[in-house]
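Peer 1: Chain residues, written in single-letter form:
There are 4 protein chains.
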Amino acid sequence: MGETIRVGVLGARGRMGTEICRAVGDAPDLELVAEVNRGDALTALTHAGVQVVVDVTHPGAALDHVRFALDHGIAAVVGTSGFDAARLDTVRGWLAERPGHVLVAPNFGVGAVLAMQFARQAARFFDSVEVIELHHAGKVDAPSGTAVRTAALLGQARREAGLGAPPDATTQELPGARGADVDGIRVHAVRLPGLVAHQEVVLGTDGEILTIRHDSMNRSSFMPGVLLAVRNVREREGLTVGLEPLLGLGD
Amino acid sequence: MGETIRVGVLGARGRMGTEICRAVGDAPDLELVAEVNRGDALTALTHAGVQVVVDVTHPGAALDHVRFALDHGIAAVVGTSGFDAARLDTVRGWLAERPGHVLVAPNFGVGAVLAMQFARQAARFFDSVEVIELHHAGKVDAPSGTAVRTAALLGQARREAGLGAPPDATTQELPGARGADVDGIRVHAVRLPGLVAHQEVVLGTDGEILTIRHDSMNRSSFMPGVLLAVRNVREREGLTVGLEPLLGLGD
Amino acid sequence: MGETIRVGVLGARGRMGTEICRAVGDAPDLELVAEVNRGDALTALTHAGVQVVVDVTHPGAALDHVRFALDHGIAAVVGTSGFDAARLDTVRGWLAERPGHVLVAPNFGVGAVLAMQFARQAARFFDSVEVIELHHAGKVDAPSGTAVRTAALLGQARREAGLGAPPDATTQELPGARGADVDGIRVHAVRLPGLVAHQEVVLGTDGEILTIRHDSMNRSSFMPGVLLAVRNVREREGLTVGLEPLLGLGD
Amino acid sequence: MGETIRVGVLGARGRMGTEICRAVGDAPDLELVAEVNRGDALTALTHAGVQVVVDVTHPGAALDHVRFALDHGIAAVVGTSGFDAARLDTVRGWLAERPGHVLVAPNFGVGAVLAMQFARQAARFFDSVEVIELHHAGKVDAPSGTAVRTAALLGQARREAGLGAPPDATTQELPGARGADVDGIRVHAVRLPGLVAHQEVVLGTDGEILTIRHDSMNRSSFMPGVLLAVRNVREREGLTVGLEPLLGLGD
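These protein sequence lines are chains A, B, C and D, in that order.
For any residue, its number in this note's numbering is found by taking its place in the first sequence, counting from 1, and adding 359.
For any residue, its number in this note's numbering is found by taking its place in the second sequence, counting from 1, and adding 359.
For any residue, its number in this note's numbering is found by taking its place in the third sequence, counting from 1, and adding 359.
For any residue, its number in this note's numbering is found by taking its place in the fourth sequence, counting from 1, and adding 359.
Hints are computed from structural coordinates only; laboratory data are not their basis.
Errors might be hidden in some of the hints.
Which copy? The list can't say, so a pair holds if one copy fits it or any two copies do.
Cross-link-like lysine to aspartate or glutamate pairs, in silico, DMTMM-like; alpha carbons within 20 angstroms at most [claimed, not checked]: (1) Lys498 to Glu603; (2) Lys498 to Glu390; (3) Lys498 to Asp527; (4) Lys498 to Glu532; (5) Lys498 to Asp542; (6) Lys498 to Asp486; (7) Lys498 to Glu596.
Could you put the whole structure together from the sequences, leaning on the hints where they help?
Peer 2: Next comes the structure, spelled out in C-alpha cells:
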C-alpha cells in the first residue's frame, strides 16, 4: 500500500464537515491532519503539511480558501453549494497562470450524479421524459436544485439529438397538474413527512419505460463522493467541475 | 351449481361492449342472450328474457335504458361514464315508487376501486398525502377523473378526522411544481408514451411512507368488475353507486 | 379537552422505551408519570397512579407485568415481540375471571399494519399475489417476520375465497429464483446497505396490478401506533391482539 | 435528405417479422423491398437490390442467411435469439477473410440494453446490488435470460473493481427467500398475471439507493432498436455484437 494522503477540512465543525472528518479518519489511505473552523488561521493547513483540503464553508469564503490552497501547493476539493459561474471563472483565471488542482462539485452524492448522467445519456433514445422529485415537507424550494439541473441536462440532450417538444395532448388542465416547465421538461415536486430526498427520471417510448431512481436517506451518502474527490483531485491538472469525470462515464 | 343469469348488453358492438360480450360468454354462470346496438329495438331484451342488462352506451341514452329495464323487471348495470348526479337523482326518484335493481359505476376496475378505498381508509392515520397519476401522452385531461375523485375522497377523510392542511414549507416554487390543488390535496399528472393508466397515492408520516399503486394495462382489467356487478346487482334493492358495496370493505 | 391519561413505561431505558417516553411526554393528552427499568420495583407504577402501562421489556418478564397490571386495575399495552400464543392464552384465562384491558401488538407500525390488512382484503379479487420485502444487509432472518405474517394472511384469504394455487408456468428454475414458499405464497427477500425496512405486496390479474408498499425509515414510525394503543386500550374490554381493531378497517 | 436504405426481412410473416416490416415501411429513410418467408428463395433479396437484411428466423437458418448476405454484399442484422458463441465464431472467421457488415443482438430493446449498461457502470460505486425481474405468469424460465445476463455483467464489474461478495448477514433463511445466486449476485423472479416484462436493478450503499428499472409493455418496444441497427450496421466494419456500440455509452 502506498503513502497516505494528508487531508485538511475547512468548516470542520459544521454538519457536513463533521461527517467528512469522520469519513477521512476512517479511511485507511487518508490521514486527517487539520480541522479548521471559522476564526482559525489558514496557516494551520500549511503547518500540518496538508496535501488535499476539503472546503465545506460558504461560497464567499471558499474563493479565498482556494487561492490560499493554490498559493501553497495544496489541492482543493470544494463542496460549498452556490459556487457560481463567476467564481469558477476566477479560479480558471488563476489556473491559467500556474499549475494546480481544484475540484468543485455541486453534489457529492455519487448515486445522484450517476442517476443524472444516465438520464442524460438515455434521453435521446426516448420520445419523452419527465422528472418527479420527492422530499420531506420541510423543504422550501420546489423543484429541488438537483431536479432543475437534471431537467436542464435532459432538455439539452433532447435538443442536441434534434428531438422537439415532448408529446402532450393535454387540453384541459387544472393549474399545476402537469408540473413545472424547466427547459421544456416537466418536473413534479412531491413533499411529504417521512420522505428524505428522492428523484425519479421516467423516460418513455411507445411500449417501454425506463426509470432511474435515486434515494438519499442521509448525509452519509455523500461521503463516498467526497473521498473519491480527495483521492483523485491531484490526478487532474487544473479545474474539474463535478464528480462526473471521476466516474468514467461515457460522453 | 345454480341456474345461469341471462344477460343482455346495450352498446354491444363498442369497444367495451365487445369485451363484455366476450367475458359474459366465457363465464360459466352467465348466459349472453341479447346484444343490442344503436338502432335495435329495446324489446330485444324482453324477447330474450334478459334478467340483467349491462349498458355501455352514452349518458343521454342510458337514462332511457334504465327506465325501460325498470318497467320490465330487468336489473340494470350502467357503466356509461358521465352518468351525473342529476341522472342519479332521476333514477332514485323512480326507485322510490317501485322495486328495482340498478347499479351505476364510474369505474369497473376492481383494483382501481380498491386502491381508492384503501387510500381513503389510510388517510386519517398519516400527516400528509399526495396523488401521482401517470398516463399515456394522448390523454387530454389532467389530472385524470380517477385522480380527482381520489383526491376528493382523501380531502374528505382528512377533514372528517380533524386533520388540517397537509404540511408544506414551500416558499420558492416554479409555477406548477407542486401540482394541482384538488380539495386541499396535491395531484401530479405525468404524461409519457409507453405508459397506459397508473396511479400512486403516497401517504407520509415522520419515519414511514405507505404507497398504494394501481397499474391498468388494458381494457380487460375492467371485466372482473363488470361480472361482479352482474352477479350481485339483484341482491341489492334500489340504487347502488360504485362497486364499493360489493367489495366488502370497511367504512 | 378531557383529563390526561397517566402513563407508565416498563423498559424505559431501552431503545424503544426511550422513544416511547419522549412520544408520551410530547403528547398533550398523555402524562408520563413512571419510567421503570430492570431492577426497579413494579410498585412504582401504583405509587405514581399509572392508568396505562406500556411494556417493551421481553416476553418472559412481560407476562408477570401484565399480571401485576391486572391485579392493580392498570390497563396494559404490550409491545414486546415474541409474546406467543401460549402467553396470550394465559392472559385470556386471567381475563375470563375478572375485568381488565390488555392490548398485545406484534407490530406498532400503523402503516405496516394497514398495508398488511389492505393486502389481505384485496387478495380474493386477484388471480395471484407475491411479497417482496427489502431490508438493510445486517438483518439475520429472511424473510422478515412481517413478510411471513403477511404471506400467511394472504394464503388464508385466498383459501377462504376458494382460490387455488397461484398460476406459475415455471419449468426451468435456478434454485431460489422464485423465492420462498410461505403458505403457498412466494416471498422474496432483498438485502442491501442503504435500505431500512420495506415491503411490497404485488397483486395481479390479467390487465392490472395493485401494489401496496410500506417503507419504514426509523423507529419513530412506531410511535403513532403506540399512542393509538395507549389512548384506546381502556375502551376495549378484555384482550385485544394487534392494532387492527383500533384502525376501523373492514372484515 | 439522403437516399433511402433498401431493406429485406427474413421471417417476414412471424410475429417479430410482421412488426419489423411495418416499422420499416413507416420509416421515411428506409424502404421495404423484400419480405422473405420459409420456402422462399434467398435470391429474392438480391433481385430486390436489398442493402440491409434483417433476420428473425431461427439460429439454425440464420447462419446460412448471414453467409448468403456476405456473399452478395448485403449487410445483415440478426435478431434471432440463440445465436450462440460458436455461431458468432463462425461469422468472425468469414469476416476475417473478406469485408462485410454483420450485427447480432440478443436484445433489440434499447431501454433494456441501456438499463443493463447503466447498472454495470454503476456497480463498482455501490457496496451491493440485487436484481428483481418481474414477468407474466406464463413464462417458463426463472430468472429471465436478461436477468441472468445482467447479473453476469454486475458480477464481472464488481470483480474488476476489486469488490468482494456483497454483504449479507442472513443466518436463518427459508429456502429460496434470498433468490438465486448468479455469479455472486442475488436474482429474484416474480411471476404474476397482469405483468408483462419488467426488471429492476437495485444498488445500495449506506445512506443511498440507486434503482434502474425497465418496463417493456409489448413487442413494439423493440422496433427503435431494430431501426437503429438497420441504419448503422453498414458504418461498422466486421461483426458487431449487441446494440451497445451504437448507443454511445461509456466503457
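Peer 1: Determine for every hint whether it applies to the structure shown.
Peer 2: Right, here's what the structure says about each hint:
In this assembly of identical chains, the alpha carbons of Lys498 and Glu603 never lie at most 20 angstroms apart, being 26 angstroms within a copy and 33 angstroms across copies at closest. Taking the closest pair of Cα atoms, Lys498 and Glu390 never come within 20 angstroms of each other, the shortest separation being 35 angstroms inside a single copy and 32 angstroms across copies. Taking the shortest alpha-carbon separations for Lys498 and Asp527, only the inter-copy value of 8 angstroms comes in at or below 20 angstroms, while the best intra-copy value is 29 angstroms. For a Cα distance limit of 20 angstroms, the shortest separation of Lys498 from Glu532 across copies, 11 angstroms, qualifies, whereas the shortest one inside one copy, 26 angstroms, does not.
When the C-alpha separation of Lys498 and Asp542 is checked against a cutoff of 20 angstroms, the pair qualifies neither within a copy, at 22 angstroms, nor between copies, at 22 angstroms. Only between protomers do Lys498 and Asp486 lie at most 20 angstroms apart by alpha-carbon distance; the minimum there is 16 angstroms, versus 32 angstroms within a single protomer. In this assembly of identical chains, Lys498 and Glu596 lie within 20 angstroms of each other by CA distance neither inside one copy nor across copies; the values are 37 angstroms within and 44 angstroms between.
Of the numbered hints listed earlier, those contradicted by the structure are 1, 2, 5, 7.
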